Amino acid sequence: MTDALFAQLIGTCSAAMLLSAVLLVWRRAQAAALPLISLQGLALAGLVAVLGLKQHSPELLGVAVLVLAFKAVVLPLVLVRSSRGERGGAPLINTATSLIAMAALTAIAYAVSAPMASLGTGPTIQAIPVGIALVLYGFLLLVTGRHAIVQLVGFLVIDNGTSTVAFLSSGGVPIIVELGVVLDVLLVILILYVLTGRIRSEFGATDLDDLTELRD
Amino acid sequence: MDLLLITPLAVCVALGLITALARQAWLNRLSGVLAAAVVLASGLAISTQVLAGHTLTALGGLLRADALTAFMLTAIGAVGLTATWGGLAARDVVKRGAYAYPVLLVGFLLAMSLAVLADNLGILWIAIEATTITTAFLVGHHRTRQALEAAWKYVILGSVGVAIALLGIVLLYSATVAAGSPTLSWVSLMHSGGTLDHGLVKMAAGLTLLGFATKAGLAPMHSWLPDAHSQAPAEVSGLMSGVLLSVAFYGILRVQAITNQVLGPTLMRSLLIAGALLSIAQAGALIMRQRDLKRMLAYSSIEHMGIIALGAAIGGPLAIGAALLHMLGHGLAKSSIFVASGRILAADGTTKIAQLRSLLARRPAVAAPFLVAMLALLGMPPFALFFTEVTIIVAGFQRGLGWVTGAAVALLLVAFIGLAHHSADLLFGGREAAAEEADIDRSWHGPRVPLIAALAVTAMLGFVAGPTADLIARAAQLLGTGQ
Numbered sequence: 022m023t024d025a026l027f028a029q030l031i032g033t034c035s036a037a038m039l040l041s042a043v044l045l046v047w048r049r050a051q052a053a054a055l056p057l058i059s060l061q062g063l064a065l066a067g068l069v070a071v072l073g074l075k076q077h078s079p080e081l082l083g084v085a086v087l088v089l090a091f092k093a094v095v096l097p098l099v100l101v102r103s104s105r106g107e108r109g110g111a112p113l114i115n116t117a118t119s120l121i122a123m124a125a126l127t128a129i130a131y132a133v134s135a136p137m138a139s140l141g142t143g144p145t146i147q148a149i150p151v152g153i154a155l156v157l158y159g160f161l162l163l164v165t166g167r168h169a170i171v172q173l174v175g176f177l178v179i180d181n182g183t184s185t186v187a188f189l190s191s192g193g194v195p196i197i198v199e200l201g202v203v204l205d206v207l208l209v210i211l212i213l214y215v216l217t218g219r220i221r222s223e224f225g226a227t228d229l230d231d232l233t234e235l236r237d
Numbered sequence: 078m079d080l081l082l083i084t085p086l087a088v089c090v091a092l093g094l095i096t097a098l099a100r101q102a103w104l105n106r107l108s109g110v111l112a113a114a115v116v117l118a119s120g121l122a123i124s125t126q127v128l129a130g131h132t133l134t135a136l137g138g139l140l141r142a143d144a145l146t147a148f149m150l151t152a153i154g155a156v157g158l159t160a161t162w163g164g165l166a167a168r169d170v171v172k173r174g175a176y177a178y179p180v181l182l183v184g185f186l187l188a189m190s191l192a193v194l195a196d197n198l199g200i201l202w203i204a205i206e207a208t209t210i211t212t213a214f215l216v217g218h219h220r221t222r223q224a225l226e227a228a229w230k231y232v233i234l235g236s237v238g239v240a241i242a243l244l245g246i247v248l249l250y251s252a253t254v255a256a257g258s259p260t261l262s263w264v265s266l267m268h269s270g271g272t273l274d275h276g277l278v279k280m281a282a283g284l285t286l287l288g289f290a291t292k293a294g295l296a297p298m299h300s301w302l303p304d305a306h307s308q309a310p311a312e313v314s315g316l317m318s319g320v321l322l323s324v325a326f327y328g329i330l331r332v333q334a335i336t337n338q339v340l341g342p343t344l345m346r347s348l349l350i351a352g353a354l355l356s357i358a359q360a361g362a363l364i365m366r367q368r369d370l371k372r373m374l375a376y377s378s379i380e381h382m383g384i385i386a387l388g389a390a391i392g393g394p395l396a397i398g399a400a401l402l403h404m405l406g407h408g409l410a411k412s413s414i415f416v417a418s419g420r421i422l423a424a425d426g427t428t429k430i431a432q433l434r435s436l437l438a439r440r441p442a443v444a445a446p447f448l449v450a451m452l453a454l455l456g457m458p459p460f461a462l463f464f465t466e467v468t469i470i471v472a473g474f475q476r477g478l479g480w481v482t483g484a485a486v487a488l489l490l491v492a493f494i495g496l497a498h499h500s501a502d503l504l505f506g507g508r509e510a511a512a513e514e515a516d517i518d519r520s521w522h523g524p525r526v527p528l529i530a531a532l533a534v535t536a537m538l539g540f541v542a543g544p545t546a547d548l549i550a551r552a553a554q555l556l557g558t559g560q
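If you're matching them up, the sequences are chains V and D in order.
Terminal number for the first sequence in our numbering: 237, no gaps in between.
Terminal number for the second sequence in our numbering: 560, no gaps in between.
A portion of the hints provided could be inaccurate.
[As the list claims (entries may be wrong)] Partial pick of chain D residues on the chain V-facing surface, computed with a CB cut under 10 Å:
1. Ile200
2. Ala207
3. Glu226
4. Trp229
5. Ser236
6. Ala240
7. Leu261
8. Ser265
9. Met280
10. Arg439
11. Phe464
Note that these hints are calculated values from the structure, not bench results.
Just so it is clear, the structure is predicted and the values come from calculations on it, not from any experiment.
C-beta atoms are modelled at their ideal positions from N, C-alpha and C, and glycine is treated no differently.
Chain V extracted, bound-state conformation (with noise of 0.2 Å):
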């Protein structure tokens, strides 16, 4: 693969992650999020794959495998499966400011990824702050969604900015690790999907404003 290529791939894919972080916080949708979170998924597995092929390794292309299967597949199907029959509650902030806080996580991001300098030059290292952006929307998410599904997409998005920051950074972490840590989110998604039944069995719904008696 030629450098001008691998260059342009890894934009291509971070550019894609980055666009589909912001289509999801621009619309809250449900039937939207879900194709969004899928396709941010293939846009890192492709992310991985480009390193594997630069880097002429067989162990970084069976991550790529394992994270298509993952996070472009299973964790949206769980996704798809937990919000059947809900409608999107109204975040606490309207999409004007969503879109200009984002601008403004964006540029934080920039600013905070100035210590990765010291890793090199690449086009892999000028590519993480997308990373940490997707970090700071998937907080963004956290913070004003009101509804059990936003805050699970927003956990998503977290886990696919962190991953992102580690390809690029170093190329990933030790395989063990990278499986205990697809694992690790697996089951965390599985559980937010047994308790999003559960609190709708109990609420009606599964609008986080109703969790409110414990308090001080």
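Starting from the known structure of chain V, arrange chain D on it as the hints suggest.
For chain D alone, coordinates are given in the frame of chain V:
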């Protein structure tokens, strides 16, 4: 020797599987106790090996035991045994999901043991995340609205908080990649500390501290804690409060040691001081106006984590050693008092302080261990927490953190007054309403041995010498290098 490290993990896995498959009622009851006993025995065995000068490794270096590991594993076993054995009586009341419950309990002990045995920050992270996974349904076990709400908040805040720590660990790993020796092993990181990029380590340290602090219950990331601890069954509250918080703090201690090697102590010290003072202040303010017994105990845990964080911030062998001993003493006393409050809840049907009152007169056998454990938590001599708190305060003044330590003492006083006031109300309040002699309930409502043993150990820990003191001194030495 390698087998010693694998034993607690393998036994927990086996016990969990057998409990899940065999579905025997007695196994259901006892598997948690057995797992905790095995963890305690392994902890003690590893401690003797470590004291004999050996460092144990297994699975190609993924597992490793030094003095700190041995101490933490022993603490997990001891607190686990107190909580699970003491909680046996309350378990009989538990009906729904009866088969999942013991399996998750064993899994919880397994995850905590793995966290302290792993010599890899990635595995440590996975294990701490696994504690959230195993305890999620334990917290929501009662399936009431409150329990569901607590479980949801706990899983979201716990996993998101810990996700921040993962980002920090990833950055630390990329710093080692850039330095030419990719590793997540704590030992290697301690050796290669000097070659890492300062900017990256600074960012990594801050994120990791923030993430693990969420799980350790330090303010301002503590908001899941009072909900989860008040809604979980008593033994789970005891385990979470007594040892899970400490295991998360163990992660902070390891990262702090690495960061201190690279950057010097200033960064972690200032972050930990902020967390410590905020935690103690917040806990004191909310204990003062608390009306629920279990929530009050949860805030007391936040206060004690603040004290431990203060010890870690002060640094040096004296303060770190005291902080470690504080973890064990607090764990034993807190798990005992949660078990006792579980029995109070089972007997009286409420944890509202106003509705309990004159407990010592009405139910002396349940109230007595509660009173003794509360005295320990208040930091009264002869209990270990008295000596560790005094040591941390003295070390604080010695190491030039007089103002911070003074402020912490003033804030601790508020928490002390609140706890003492509510406990006095609970135990002695409303004497005129005390029952007739015939109505006095002298039953222990469960096994008495674990509570007596745990509180006796807490009382004696302060006077330790010999192997225990040696182990703590060695663990503090490991963490104290570079300060």
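Results of checking the hints against the structure:
At its closest, the beta carbon of D/Ile200 sits 7 Å from a beta carbon of chain V; the interface hint therefore holds under the 10 Å criterion. About 6 Å separates the beta-carbon of D/Ala207 from the nearest beta-carbon of chain V, less than 10 Å, and the hint is met. For D/Glu226, the interface hint holds, since its Cβ comes within 10 Å of a Cβ in chain V; the closest pair sits about 4 Å apart. The interface hint given for D/Trp229 is met, as the beta carbon of that residue sits about 5 Å from the closest beta carbon of chain V, less than 10 Å.
At a threshold of 10 Å, the smallest CB-CB gap from D/Ser236 to chain V is about 5 Å, leaving the interface hint in force. The closest approach between the C-beta of D/Ala240 and any C-beta of chain V is roughly 5 Å, which is under the 10 Å cut-off, so the hint is satisfied. For D/Leu261, the suggested interface contact is upheld, since its CB lies about 7 Å from the closest CB of chain V, less than 10 Å. Given hint, D/Ser265 at the interface with chain V, is violated; its Cβ is 12 Å from that chain's nearest Cβ, farther than 10 Å.
Because the beta carbon of D/Met280 sits about 6 Å from the nearest beta carbon in chain V, less than 10 Å, this interface hint is met. Annotation: D/Arg439 was flagged as interfacial toward chain V, and the flag is violated, the nearest CB pair being 27 Å apart, outside 10 Å. The criterion of a C-beta within 10 Å of any C-beta in chain V is not met by D/Phe464, whose closest approach is roughly 32 Å, and the hint is violated.
When each numbered hint is compared with the structure, violations occur for hints 8, 10 and 11.
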